[in-house]
Amino acid sequence: MTTVAVVRFPGSLDHDSAARAVEGLGATAVEAWHADDALPAGTDAVLIPGGFSYGDHLRCGAIASRSHIMGAIARHAAEGGRVLGICNGFQVLCEAGLLPGALRRNATLSFVCRQMNLEVADAGTPWTGGRPEGALLSVPVKNNEGAWYGDPATARPVLRYAGGNPLGSVEAIAGIANTEGNVMGLMPHPEEACDPLLGSTDGEAIIGGLLR
Amino acid sequence: MSSEAVPLHRRLGLTDDEAALIPELLGREPTDPELVMFSLMWSEHCSYKHSKPLLRGFPTTGPRVLQGPGENAGVIDVGDGLAVALKIESHNHPSAVEPFEGAATGVGGIVRDIMAMGARPIALLDSLRFGSLESARSRHLFTRAVAGIGHYGNCIGVPTVGGEVAFDDRYEESCLVNAMCVGVLPAGRVLRAAASGPGNALVLYGNRTGRDGIGGASVLASAELDDDEDKRPSVQVGDPFTERKLMDCSLELADAGAFVALQDLGAAGLTSSASEMASKGGVGLEIDLDLVPLRESLTPAEILVSESQERMLCVVEPGRVDEVIATCRKWDLDATVIGRVTEGDRLVARFGGEVVVDLPARLLADDAPVYGVPQDPAPAPVPLAIDGIPQPADLAGAWRDLLGHPNVGSRRWIYERYDHLVGANTVRRPGGDAAVVRLPGSARAIALATDCAERWCELDPRNGGRASVLEAARNVAAVGARPVAATDCLNFPNPEKGSTGWRLAEAIAGMAEALTALEVPIVSGNVSLYNESAQRAILPTPVVGMMGLLERADRSVGQAFVADDDVVILIGEGGRLDASEYLGRTEGAPEPVDVRREVAAIDLVIRAAEAGLLRSAHDVAGGGLGVALAESAIAGGRGARLTLASGRRDDEVLFGEGGGRFVITVRPDDIEVLMALTADLPVAVTRIGVVGGDALTVTIGDTRVSLTVAEARDAHERALPEALA
Chain A
0 MTTVAVVRFP GSLDHDSAAR AVEGLGATAV EAWHADDALP AGTDAVLIPG GFSYGDHLRC
60 GAIASRSHIM GAIARHAAEG GRVLGICNGF QVLCEAGLLP GALRRNATLS FVCRQMNLEV
120 ADAGTPWTGG RPEGALLSVP VKNNEGAWYG DPATARPVLR YAGGNPLGSV EAIAGIANTE
180 GNVMGLMPHP EEACDPLLGS TDGEAIIGGL LR
Chain B
0 MSSEAVPLHR RLGLTDDEAA LIPELLGREP TDPELVMFSL MWSEHCSYKH SKPLLRGFPT
60 TGPRVLQGPG ENAGVIDVGD GLAVALKIES HNHPSAVEPF EGAATGVGGI VRDIMAMGAR
120 PIALLDSLRF GSLESARSRH LFTRAVAGIG HYGNCIGVPT VGGEVAFDDR YEESCLVNAM
180 CVGVLPAGRV LRAAASGPGN ALVLYGNRTG RDGIGGASVL ASAELDDDED KRPSVQVGDP
240 FTERKLMDCS LELADAGAFV ALQDLGAAGL TSSASEMASK GGVGLEIDLD LVPLRESLTP
300 AEILVSESQE RMLCVVEPGR VDEVIATCRK WDLDATVIGR VTEGDRLVAR FGGEVVVDLP
360 ARLLADDAPV YGVPQDPAPA PVPLAIDGIP QPADLAGAWR DLLGHPNVGS RRWIYERYDH
420 LVGANTVRRP GGDAAVVRLP GSARAIALAT DCAERWCELD PRNGGRASVL EAARNVAAVG
480 ARPVAATDCL NFPNPEKGST GWRLAEAIAG MAEALTALEV PIVSGNVSLY NESAQRAILP
540 TPVVGMMGLL ERADRSVGQA FVADDDVVIL IGEGGRLDAS EYLGRTEGAP EPVDVRREVA
600 AIDLVIRAAE AGLLRSAHDV AGGGLGVALA ESAIAGGRGA RLTLASGRRD DEVLFGEGGG
660 RFVITVRPDD IEVLMALTAD LPVAVTRIGV VGGDALTVTI GDTRVSLTVA EARDAHERAL
720 PEALA
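Chains A and B, in that order, are what the protein sequence lines are. In this text, residue positions in the first sequence follow numbering that gives the first Met the number 0: the first is 0, and each later residue adds one. In this text, residue positions in the second sequence follow numbering that gives the first Met the number 0: the first is 0, and each later residue adds one.
Quick caveat, the hints were computed from the structure, so don't treat them as lab data. Do not take every clue at face value.
Short, incomplete list of chain A residues facing chain B, as computed with Cβ under 10 Å [claimed, not checked]:
| id | residue |
| --- | --- |
| 1 | A106 |
| 2 | Q114 |
| 3 | N116 |
Covered, in the sense of this in silico footprint (three residues per stretch, anywhere, with C-beta under 8 Å from a C-beta of chain A), are these stretches of chain B [claimed, not checked]:
| id | region |
| --- | --- |
| 4 | 149 to 158 |
| 5 | 408 to 420 |
No residue lacks a Cβ here, since even glycine has one placed at the ideal position from N, Cα and C.
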């Protein structure tokens with residue numbers, strides 16, 4: 000069984016729902032505490048959930064990217080281990096240099112909480128559950144600084160917003176992976192789309208990338 | 000604007016009689032810190048001195064009630080070993096002075112009330128009232144308050160799932176920001192504020208104490224607002240990041256059983272928390288003010304009444320102090336033993352080695368003078384002279400215009416700025432009649448709504464009180480939930496003036512009558528008086544926060560028309576243009592509420608939902624039947640063909656309000672089963688049409704009016720963005 004370490008910073012908000020989504024797919028979720036230097040024993044994959052780590056003081060994800068646990072996560076990624084960053088987790092991965100680019104203030108200049116369709120732009124990574132390019136996934140978006148900015152050629156755009164680009168991301172990018180494909184970040188919240196009661200189970204395709 | 004010529008007690012907001020009473024109770028003159036403490040604890044905001052006798056009329060007990068009014072929040076047993084804590088509170092005056100921080104700290108305060116019960120906050124709602132959006136000031140106050148609510152709620156990770164807003168000139172200078180929070184906790188582990196165990200330690204944790212919010216409860220919240228910019232320092236400043244850490248830390252300690260008692264620091268700060276903990280527990284407390292961690296140098300009186308945010312006070316057994324402090328350190332929070340529980344009943348505070356406060360805690364917490372309010376009835380409401388209202392030449396155009404009114408249109412502009420999903424428990428999102436939130440670890444869910452019929456409360460307050468409760472109950476019934484508990488926030492003008500005191504008493508009586516008929520207790524609440532300026536007073540606005548229970552989270556009902564050929568049924572009858580959104584004025588005599596019939600209609604809808612008969616349900620509220628039908632059509636993306644009884648003016652049929660009505664849809668095959676449920680009920684149940692097509696087409700006698708779903712949606716969606724542009 001896959002063991003997924005779900006990182007917890009002060010100000011993490013989505014660790015419980017992320018752990019629930021991981022366990023719903025048959026994996027084990029364990030907590031990785033921000034102040035620790037090592038990931039929990041037996042960690043197969045890492046999920047950095049959403050929230051406002053360290054209050055997002057300075058810049059979103061900036062302080063978290065320099066926390067103790069990030070050294071262990073960088074080593075895990077360098078060894079080919081899978082890492083998924085959701086929302087603030089994506090911001091942390093960009094700030095840590097594990098993914099290229101940065102997240103800017105939304106073009107709306109406001110927080111946006113909305114169910115959106117994401118189009119699979121690259122079916123060759125583990126992060127789309129084998130869905131073909133062009134397939135749509137219904138997943139909620141909720142952020143204030145969610146406009147990805149960077150050079151898409153330096154990474155692999157995996158998911159794009161379909162039917163509009165309200166946040167103003169470069170090339171409507173919702174999620175990108177590194178060129179190796181083992182590190183993935185996205186602004187939408189797949190952990191909130193893993194239960195028919197909540198209206199969508201499409202998030203399982205994305206979270207499923209953490210499983211062996 | 001203080002003047003040295005004015006005696007200190009008056010500058011603090013105490014009357015001459017109150018100032019004279021204090022030495023009598025103490026047997027000596029109060030010290031300056033004591034006088035400041037009295038001024039805050041005896042303010043209307045903390046003592047309810049003008050409203051307490053009236054509040055006794057509310058039903059507050061029931062088999063599910065684990066904690067009724069008097070604690071930080073009420074608590075209801077919801078089964079499966081779980082309980083739900085709920086409370087609504089106002090932050091009106093701070094929001095009128097500084098809307099962003101005022102609204103944000105309103106959210107922070109109510110969240111800490113829920114935390115103080117040992118509960119994990121799982122949902123927030125906001126009931127808002129602002130002046131007309133044609134006013135630049137109101138647009139500013141409204142958009143900044145929404146930003147403040149979003150900033151705080153989004154950062155602490157508690158979803159903002161619902162609420163309501165209305166705009167009326169009467170709120171131009173005195174906006175209302177009421178925040179409601181709901182939390183979940185193990186039913187056997189309700190924490191309370193009562194201190195106990197002489198020798199136990201008193202630990203203050205969270206933010207440091209500074210000079211913010213000094214006098215918030217007395218200077219701001221218990222007097223009419225003038226244009227005095229000097230009041231700005233009385234508004235607190237929020238730090239949601241610290242609040243989130245405080246929440247994580249408090250829950251960790253509550254789960255570990257580390258608390259003897261827990262209390263948040265809100266209005267009147269340490270004074271209120273410590274005096275209430277001591278008074279409720281029948282013990283004394285000794286506090287060493289030199290030990291309170293400070294952000295800046297403060298006088299003892301300032302330390303005692305500072306309203307710095309994100310602080311909690313707990314009583315801990317001596318053997319567990321180290322554990323509590325270590326857990327706070329883990330969350331990067333200050334935690335300090337500032338005193339201890341003592342035998343007796345005295346609240347004692349020392350500063351620099353000297354005793355600066357030494358008095359029985361109950362004098363502050365319980366013994367504020369209680370005043371009756373004048374009971375001058377307002378004139379009886381005069382029915383609207385409908386013949387004087389021109390009939391619209393273009394009924395479809397009037398329908399579209401009503402859908403595009405800021406009081407009726409879509410609330411998407413607001414709720415998309417709030418994270419309404421965090422926690423992954425939001426089963427029904429904002430935009431419907433009530434939000435549905437799954438209870439973690441249970442198949443059950445709760446339904447939440449706030450509502451108020453403020454125009455009715457102005458014209459006919461007893462009727463308006465009934466309508467406010469029943470409207471909130473219809474909201475939760477429409478999603479299939481049975482109302483089980485309520486919390487209230489009574490927002491009124493100055494009760495010492497005109498007929499306000501009478502309206503307050505009448506509204507409470509009407510609310511109590513409807514609550515009793517529904518068998519729903521009030522478990523917590525808040526009173527906000529003096530919501531008036533030199534120019535005008537607010538409409539009486541007794542907001543009801545209603546909680547319903549669904550036995551199965553997956554059985555909730557939406558308002559959207561879901562399938563062609565489903566049968567559209569109107570439950571209830573009546574409706575007048577008096578005080579309606581269509582009329583757009585607080586004028587006329589609202590339809591008398593028949594409590595028995597409206598409760599029967601609510602019960603019918605719940606039973607139909609439980610039997611799985613409802614494809615959709617929507618209550619008929621602002622804008623009448625026309626708006627209710629349009630909202631179901633917009634939500635479902637499909638129209639309907641309908642025939643409505645004539646005999647009245649077309650605009651009254653379509654836009655009249657009242658009657659406790661619902662629009663439901665059922666499958667054609669289920670009609671007979673539904674009708675069997677309605678037998679012998681004192682409720683009109685009328686088949687009015689079928690779902691289908693891309694337009695709403697309504698026939699009223701010889702009139703035929705049609706609006707496409709696309710036109711309706713366009714008007715509805717543009718209402719707020721255009722009013723704010």
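Numbers of unmet hints, in rising order: Per hint list: 1 and 3 violated.
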